[in-house]
Amino acid sequence: MRLLFGREFPFQEVLVVWDRLFAEGLRSELVDFVCVAMLLRIRWERELSTHLVSQFLY
Amino acid sequence: MNRYARLHTSWGCGLWIDGCIPDLWTVQSPWQTLRLDEQLRADISQDVDRCLQENYFFREPATKAKMIDVLFIYSKLNPDLGYRQGMHEILAPLLWVIDRDAIDPKSVDGVESTNELDESLLQLLNADYVEHDSFTLFCSVMQTTRLYYEHDRHRSPGGQTDVIPIVSQCQHIHDELLATTDLELAGHLQALEVLPQIFLT
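Keeping their order, the protein sequence lines are chains L and C.
First residue of the first sequence: 184, per this note's numbering; consecutive thereafter.
First residue of the second sequence: 5, per this note's numbering; consecutive thereafter.
If you are wondering where the hints come from, they were derived from the structure by calculation, not from laboratory data.
Note that the coordinates shown come from a computational prediction; the quantities given were computed from them, not determined experimentally.
Using N, Cα and C, we set each Cβ at its ideal position, and we do this for glycine too.
Be careful, since some hints might not be right.
Here are some chain L residues pointing at chain C (derived, C-beta under 10 Å) [as the list claims (entries may be wrong)]:
no.	residue
1	186
2	197
3	198
4	201
5	216
6	220
7	226
Ranges of calculated distance between the beta carbons of each label pair, as one might list FRET restraints [stated by the list, open to error]:
no.	chain 1	residue 1	chain 2	residue 2	range
8	L	191	C	188	17 to 27 Å
9	C	184	L	235	47 to 57 Å
10	C	43	L	233	21 to 31 Å
11	L	202	C	120	37 to 47 Å
12	C	111	L	202	36 to 46 Å
Only part of the chain L face toward chain C is listed, based on derived beta-carbon distances under 10 Å [as the list claims (entries may be wrong)]:
no.	residue
13	184
14	185
15	190
16	194
17	208
18	209
19	210
20	211
21	214
22	215
23	218
24	219
25	222
26	223
Use the sequences and the hints to build the structure in full.
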């Protein structure tokens with residue numbers, strides 16, 4: 184949060200994320216929502232990869 | 005631009021000069037102020053030197069000098085916050101974008117501008133004011149982001165302990181937002197005893 188996701192994405196993608204955040208006025212609740220979205224995304228990706236691995240194995 | 009130029013003149017060389025108004029309010033001697041300023045610039049410089057070094061732009065001495073000056077002046081204007089590691093990584097992309105978009109006024113000398121829009125764009129993107137514009141935008145971004153750098157403790161809502169604002173924010177994200185959206189995930193993180201501020205700050 185301190186880096187506004189500056190280390191979560193490649194540099195060029197950070198610029199895209201910031202474009203969006205700044206266009207919406209950089210409200211602090213937006214930062215909160217992005218954090219939640221990222222946590223959910225990590226969960227989904229883990230579940231998808233676990234599912235794919237189990238499909239591959241069985 | 006004028007405000008930044010005046011601040012840069014007062015503080016840029018790091019010496020105490022008449023007109024350095026905030027220092028007149030403190031009981032510090034000018035020499036104490038000078039030493040503290042030098043230490044502040046050294047702290048900032050250490051972070052700037054390591055910032056995005058894979059990008060040639062951030063290896064240039066002129067870029068580093070601009071970053072140090074902007075961060076130093078911001079810290080002087082916001083003594084409650086001071087300088088904290090991470091602010092340099094907020095400034096870096098802003099400076100990059102402004103510099104990339106900048107137009108050197110000398111490169112369009114002698115070229116007739118066809119309309120008012122050209123004049124406005126030339127003024128907006130003037131390469132002579134990259135540092136000034138970066139400072140202004142950095143201040144604007146920090147209006148929201150400063151919350152994550154504040155270090156005065158206050159009572160967390162619904163909590164018994166005094167916490168700094170960023171911890172309070174992390175708790176809000178985990179306990180309220182994430183719990184509402186994905187209770188299982190929130191519970192899982194809590195069961196693992198992973199504190200929200202570990203993965204959110």
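Status of the hints after comparison with the structure:
At a threshold of 10 Å, the smallest CB-CB gap from residue 186(L) to chain C is about 5 Å, leaving the interface hint in force. The interface hint given for residue 197(L) is met, as the beta carbon of that residue sits about 6 Å from the closest beta carbon of chain C, less than 10 Å. Because the smallest distance between the Cβ of residue 198(L) and any Cβ of chain C comes to about 6 Å, under 10 Å, the interface hint for this residue holds. With 10 Å as the threshold, the beta carbon of residue 201(L) comes within range of chain C, its nearest partner Cβ sitting at about 7 Å, so the hint holds.
Interface hint at residue 216(L): satisfied, since its Cβ lies 7 Å from the closest Cβ of chain C, which is below the 10 Å cut-off. The beta carbon of residue 220(L) comes within 9 Å of a beta carbon in chain C, closer than 10 Å, and the hint placing it at the interface holds. A least Cβ separation of about 5 Å between residue 226(L) and chain C falls short of the 10 Å threshold, and the interface hint therefore holds. The given range of 17 to 27 Å is respected by residue 191(L) and residue 188(C), whose C-beta atoms sit roughly 23 Å from each other.
Checked against the given bound of 47 to 57 Å, the beta carbons of residue 184(C) and residue 235(L), roughly 29 Å apart, lie outside it. Range check, residue 43(C) to residue 233(L): about 50 Å between beta-carbon atoms, so the 21 to 31 Å window is missed. Checked against the hint of 37 to 47 Å, the C-beta distance between residue 202(L) and residue 120(C) comes to roughly 26 Å, which is inconsistent with it. A hinted range of 36 to 46 Å for the beta carbons of residue 111(C) and residue 202(L) is inconsistent with their spacing of about 26 Å.
Hint on residue 184(L) holds. Least Cβ distance to chain C is approximately 5 Å, under the 10 Å limit. Checking residue 185(L) against chain C: minimum C-beta separation of about 4 Å stays under 10 Å; hint holds. Evaluation of the residue 190(L) hint against chain C yields a held restraint, the C-beta minimum of about 7 Å falling below 10 Å. Nearest Cβ of chain C to the Cβ of residue 194(L): about 7 Å, under the 10 Å cut. The hint holds.
Interface restraint check for residue 208(L): the shortest CB-CB distance to chain C comes to about 9 Å, inside 10 Å, so the restraint holds. The beta carbon of residue 209(L) is positioned within 10 Å of a beta carbon in chain C (closest approach about 5 Å), and the interface hint is therefore held. The restraint placing residue 210(L) at the interface with chain C holds, with a minimum CB-CB distance near 7 Å, inside the 10 Å limit. Checking residue 211(L) against chain C: minimum C-beta separation of about 5 Å stays under 10 Å; hint holds.
Among the interface hints, the one on residue 214(L) holds; its C-beta lies about 7 Å from the nearest C-beta in chain C, closer than the 10 Å criterion. With a cut of 10 Å, the hint placing residue 215(L) at the interface with chain C holds, because the nearest CB-to-CB distance is about 5 Å. Here the hint on residue 218(L) is kept, as its CB sits about 5 Å from the closest CB of chain C, short of 10 Å. Interface restraint check: residue 219(L) against chain C, minimum CB-CB distance 5 Å, threshold 10 Å, status holds.
Because the closest C-beta pair between residue 222(L) and chain C is about 6 Å apart, less than 10 Å, the hint holds. With its C-beta approaching chain C no nearer than about 6 Å, residue 223(L) sits inside the 10 Å limit, and its interface hint holds.
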